[in-house]
Amino acid sequence: MLWIAIRMLTGDAQKFYGLVFGIAFSTLLITQQLTIFVNLIERGASGVYNVSSADVWVMDPVSRTSDVAYALPSTALDKVRSVPGVEWAVPHIRAQASVRTKDGDLEGVAVIGVDDATLIGLPKRMIEGSSAVLSRPDSVIIDDVGTTRMFPGQSPIGERLELNDQRAVIRGIADAIPSFTSTVVLYTKYSQALNYVPGTRNRLSFVLVGAADPAQAKALAERIERETGLKARTRDEFAQDGIDFIIENTGIPLNFGITVALGFIVGVAIVGLTFSLFIRDNIKQFGALKAIGVTNRKIRRMVAVQAGLVGLIGYGLGVIGTVFFIWGFSSNPTFKGFYIPWQIPLVSLIAVFLILALTGWLALRNVLKTEPASVFR
Amino acid sequence: MGTPIDTSAIGGCKPEAAICTRGVTRDFQAGQQTITVLHGIDLDIRAGELTFLVGESGSGKTTLISIMCGILWPTLGEVKVFGTDIYQLGDTDLVEFRLQNIGFIFQQYNLIPSIDAANNAAVPLIAQGMDRLEARDKAVAMLEKLNIGDQADKLPRQLSGGQQQRVAIARALVHEPRLVVCDEPTAALDASSGRRVMDLLRDVAVAEDRACIIVTHDNRIFDLADRILVLEDGRITHDGTDVPEGH
Ligand SMILES: Nc1ncnc2c1ncn2[C@@H]1O[C@H](COP(=O)(O)OP(=O)(O)OP(=O)(O)O)[C@@H](O)[C@H]1O
Ligand SMILES: [Mg+2]
Numbered sequence: 001m002l003w004i005a006i007r008m009l010t011g012d013a014q015k016f017y018g019l020v021f022g023i024a025f026s027t028l029l030i031t032q033q034l035t036i037f038v039n040l041i042e043r044g045a046s047g048v049y050n051v052s053s054a055d056v057w058v059m060d061p062v063s064r065t066s067d068v069a070y071a072l073p074s075t076a077l078d079k080v081r082s083v084p085g086v087e088w089a090v091p092h093i094r095a096q097a098s099v100r101t102k103d104g105d106l107e108g109v110a111v112i113g114v115d116d117a118t119l120i121g122l123p124k125r126m127i128e129g130s131s132a133v134l135s136r137p138d139s140v141i142i143d144d145v146g147t148t149r150m151f152p153g154q155s156p157i158g159e160r161l162e163l164n165d166q167r168a169v170i171r172g173i174a175d176a177i178p179s180f181t182s183t184v185v186l187y188t189k190y191s192q193a194l195n196y197v198p199g200t201r202n203r204l205s206f207v208l209v210g211a212a213d214p215a216q217a218k219a220l221a222e223r224i225e226r227e228t229g230l231k232a233r234t235r236d237e238f239a240q241d242g243i244d245f246i247i248e249n250t251g252i253p254l255n256f257g258i259t260v261a262l263g264f265i266v267g268v269a270i271v272g273l274t275f276s277l278f279i280r281d282n283i284k285q286f287g288a289l290k291a292i293g294v295t296n297r298k299i300r301r302m303v304a305v306q307a308g309l310v311g312l313i314g315y316g317l318g319v320i321g322t323v324f325f326i327w328g329f330s331s332n333p334t335f336k337g338f339y340i341p342w343q344i345p346l347v348s349l350i351a352v353f354l355i356l357a358l359t360g361w362l363a364l365r366n367v368l369k370t371e372p373a374s375v376f377r
Numbered sequence: 001m002g003t004p005i006d007t008s009a010i011g012g013c014k015p016e017a018a019i020c021t022r023g024v025t026r027d028f029q030a031g032q033q034t035i036t037v038l039h040g041i042d043l044d045i046r047a048g049e050l051t052f053l054v055g056e057s058g059s060g061k062t063t064l065i066s067i068m069c070g071i072l073w074p075t076l077g078e079v080k081v082f083g084t085d086i087y088q089l090g091d092t093d094l095v096e097f098r099l100q101n102i103g104f105i106f107q108q109y110n111l112i113p114s115i116d117a118a119n120n121a122a123v124p125l126i127a128q129g130m131d132r133l134e135a136r137d138k139a140v141a142m143l144e145k146l147n148i149g150d151q152a153d154k155l156p157r158q159l160s161g162g163q164q165q166r167v168a169i170a171r172a173l174v175h176e177p178r179l180v181v182c183d184e185p186t187a188a189l190d191a192s193s194g195r196r197v198m199d200l201l202r203d204v205a206v207a208e209d210r211a212c213i214i215v216t217h218d219n220r221i222f223d224l225a226d227r228i229l230v231l232e233d234g235r236i237t238h239d240g241t242d243v244p245e246g247h
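Going down the list, the protein sequences come from chains U and Z.
Per the numbering used here, the very first residue in the first sequence carries number 1; after that it's consecutive.
Per the numbering used here, the very first residue in the second sequence carries number 1; after that it's consecutive.
Simulated from the structure, these hints should not be mistaken for lab results.
Idealized CB from N, CA, C, for every residue including glycine.
Hints are supplied without guarantee of correctness; some may be wrong.
Simulated restraints on C-beta separations [to be verified]: (1) Z:Q33 to U:Q14: 36 to 46 Å; (2) Z:D190 to U:I6: 53 to 63 Å; (3) Z:T36 to U:G316: 55 to 65 Å.
These stretches of chain U come out as covered by chain Z in the derived footprint (C-beta under 8 Å, 3 or more residues) [said to hold, decoys possible]: (4) 7-17; (5) 252-266; (6) 292-305.
With a straight-line cut-off of 27 Å between C-alpha atoms, the simulated DSS-like cross-links for lysine-lysine are [claimed, not checked]: (7) U:K369 to U:K298; (8) U:K298 to U:K15; (9) U:K284 to Z:K154; (10) Z:K154 to U:K15; (11) U:K79 to U:K218; (12) U:K284 to Z:K14; (13) U:K284 to U:K15; (14) U:K79 to U:K231; (15) U:K231 to U:K124; (16) U:K124 to U:K218; (17) U:K369 to Z:K14; (18) U:K284 to U:K298; (19) U:K369 to U:K15; (20) Z:K80 to Z:K14; (21) Z:K138 to U:K298.
Just chain U, same shape as in the assembly:
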């Protein structure tokens, strides 16, 4: 009987493709939008992810994220170093600055000052040059998004910039996760950064801490807070803070939520209409099958197989479409590092299942209600 069910479905090519298209389109809309949403808000944590070696971030109690930070007095570094369980602690500057390019354009950049001695605070991988270039005077390392933004189609190596009336020479490109705003990022030594950032008395943004026992980072953060009166967050907590900040302070969740809901509604509409039309067109055949001796249970199973088949094909196409989309745009800095978390295809699978279960159930009610004799009149 299931074979017959499938033939009934594929025999009507127009509706079959309509159904597959409807499901594929909804899946694409839901999967793709959720993927962009998740990746985009994760950008709120890029500053934390780029410094993966820090177990704990220490900051002023009012600081909220890696980009929204209030400066600390430089004595904070020694206070943190004296807390038991701290393996190492290094200073970290993150500040906004304006840069004049060679052509005279003005560009807002983020200047990140990393520890002079250990270079902790620099992204792990370099695309061009090595981290050692920072030991040369006036050196900065630009991130790859900055390269495509400020120097499209050319190498930035050797380019001179003017920062706070100081000279800076780009000597390397870092492989970094872009920030939420895709700001150009310039990495330099802490001591150098102090010159690039317009001066106030306190310019230390964070103290980055390595724990003696990384598994105990949470306990260490609490101890640092108790003993120094500063705010201390573990890497994971601070990453989450950055994500929460984006969620709370932008319209992004709402906008994407609307698109995802639209995907679902479009799915229900297209699939619902086509599926119920398909069932209605076949109601006489289903009625004849019932009369001949096919139980309601078997008819339900036939419709489930029909729904399952279009569901699987449509869902597969939708997910493949999303993969191609992400892959096709992977060279675009906006989409750099985008990935599809496994939960998202699962969510769209559940959405597809709900769409089909809902429309299938509605369409089937008529079939199950028909008195077999009525189809022979």
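We have chain U; now place chain Z with the ligands onto it with these hints.
Positioned in the frame of chain U, the structure of chain Z with the ligands alone reads:
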């Protein structure tokens, strides 16, 4: 001429009756009105006979045989098919009973458009759980008996009305049901095809433990009947071996 109506049937059902109806009444709702199409039909259909049911259009023939084959619930009365009180069965049991015991051909064939003639004819066997290819072979053999073996691979829309009707007949007979019910099985056929269908129905459906009821207007085949019943306005008015004047 017609014999008087067999009133001895009224009372309990005889165990040897293939179909036995007692007080079968059926109402339909037409807007606010209730119309009674069958008025307390008491009938015994004997096994081993070819029974014809004739009557004017609208007299209730299709309604009566639908009730007899378990696809239309009577408003009142009981129907026993080979001793089983079919409307006392649960829904699923009744469906299963039809699948095992009843074959029918109605004026609407309702063939499945996307599968070929042989597979359409094989549907009851497939529904019974037979392997699809084996079922198809049996169906092809049945189509051959109906003289349309060469059409087995065609889709219903590629067939003429008479060919489609024979596919429906094959579907009704392929699982060798004990009761075969036909509504105008020869209406779309020429005389020789009609004869052929009737011969086949006799072969397949008329035996010791089987029964066959045919609704027909086709006076070309009246001579084949073992028994002819006349329905007028929902009542049996004639029961005999020949047709009364005017039918
Ligand atoms: N589902 C229904 N709803 C309303 N009225 C019905 C229904 N089924 C049958 N009727 C009515 O019952 C009467 C008998 O119908 P039925 O189909 O049994 O007649 P018939 O003898 O088979 O006629 P024909 O020779 O034209 O096929 C008709 O008046 C018809 O309008
Ligand atoms: Mg009729």
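Cross-check of the supplied hints:
The hinted window of 36 to 46 Å between Q33 of chain Z and Q14 of chain U holds, with their beta carbons roughly 41 Å apart. Evaluation of the 53 to 63 Å hint for D190 of chain Z and I6 of chain U yields a failure: the beta carbon distance comes to about 37 Å. Separated by about 56 Å at the C-beta atoms, T36 of chain Z and G316 of chain U satisfy the suggested range of 55 to 65 Å. Three residues within the 8 Å Cβ limit are the bar, and the segment 7-17 of chain U against chain Z gives 5, so the coverage statement holds.
Residues of the segment 252-266 of chain U lying with their CB closer than 8 Å to a CB of chain Z number 0, which falls below the three-residue condition for coverage. With 7 residues carrying a beta carbon less than 8 Å from a beta carbon of chain Z, the segment 292-305 of chain U meets the three-residue requirement, and the given coverage holds. A hinted pair counts as satisfied when its Cα atoms are at most 27 Å apart, and K369 of chain U with K298 of chain U qualifies at roughly 14 Å. Restraint check for K298 of chain U and K15 of chain U: the C-alpha separation of about 22 Å stays at or below 27 Å, so the hint holds.
At most 27 Å may separate the alpha-carbon atoms for a hinted pair to count; K284 of chain U and K154 of chain Z meet this at roughly 20 Å. Between the alpha carbons of K154 of chain Z and K15 of chain U the distance comes to roughly 22 Å, so the proposed pair stays at or under 27 Å and holds. With a C-alpha separation of about 18 Å, the suggested pair K79 of chain U and K218 of chain U falls inside the 27 Å cut-off, and the hint holds. With a C-alpha separation of about 36 Å, the suggested pairing of K284 of chain U with K14 of chain Z is violated against the 27 Å cut-off.
For the hint pairing K284 of chain U with K15 of chain U, the CA-to-CA distance comes to about 17 Å; that is within 27 Å, so the pair holds. Annotation: proposed proximity of K79 of chain U to K231 of chain U holds, straight-line Cα distance about 13 Å (limit 27 Å). For the given pair, K231 of chain U sits about 26 Å from K124 of chain U by alpha-carbon distance, which is consistent with the 27 Å threshold. A distance of roughly 24 Å separates the Cα atoms of K124 of chain U and K218 of chain U; the hinted pair therefore holds under the 27 Å criterion.
Annotation: proposed proximity of K369 of chain U to K14 of chain Z is violated, straight-line Cα distance about 34 Å (limit 27 Å). For the hint linking K284 of chain U to K298 of chain U, the alpha-carbon distance of about 16 Å falls within 27 Å, and the restraint holds. For the suggested pair K369 of chain U and K15 of chain U, the alpha carbons sit about 23 Å apart, so the restraint of at most 27 Å is met. At roughly 10 Å between alpha-carbon atoms, K80 of chain Z and K14 of chain Z fall within 27 Å of each other, so this suggested pair holds.
Straight-line distance between C-alpha atoms of K138 of chain Z and K298 of chain U comes to about 23 Å, which keeps the hinted pair within the 27 Å bound.
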